Amino acid sequence: MTASPINPDKNRRPIKNPGDEMLTLQEACRFLRVAEGTLRYWRHLGCGPRSFKIGRHVRYWRADLVLWLSEQTRRPQDRD
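Numbering (the UniProt record's numbering), first residue to last: 1 to 80.
Calculated directly from the structure, the hints in this document are not laboratory data. Any given hint could be a false lead.
Listed below are the simulated SDA-like cross-link pairs for lysine to any residue, each with C-alpha atoms no more than 20 Å apart in a straight line [said to hold, decoys possible]:
| no. | residue 1 | residue 2 |
| --- | --- | --- |
| 1 | Lys53 | Val66 |
| 2 | Lys53 | Asp64 |
| 3 | Lys53 | Thr38 |
| 4 | Lys53 | Glu27 |
| 5 | Lys53 | Phe31 |
Predicted model, so just to flag it, every value in this text is computed and none were measured.
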């Protein structure tokens, strides 16, 4: 069963939205270009991108990763 909405104009195929793609922890790490340990630590601290679990598996929505990255670019940078 698919969770994607049905597009009546395209022979009833699911509507594709790249931001709705679900990513594994490893895929999210590749997307963000950070080590798996870093992303796990951010998740532990509650300061990383929004995540959720399916059973014992951590997942991320690609749109949430993009949103989190854009929020990081708007944060004031520490200047030494």
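Evaluated hints:
1. Lys53 x Val66: Holds. Lys53 to Val66 sits at ~19 Å (cutoff 20 Å).
2. Lys53 x Asp64: Holds: Lys53 and Asp64 sit about 14 Å apart, inside 20 Å.
3. Lys53 x Thr38: holds, 18 Å
4. Lys53 x Glu27: Between Lys53 and Glu27 the Cα gap is close to 15 Å, so the pair holds against 20 Å.
5. Lys53 x Phe31: holds, 19 Å
In this structure, none of the earlier numbered hints is contradicted; all agree with it.
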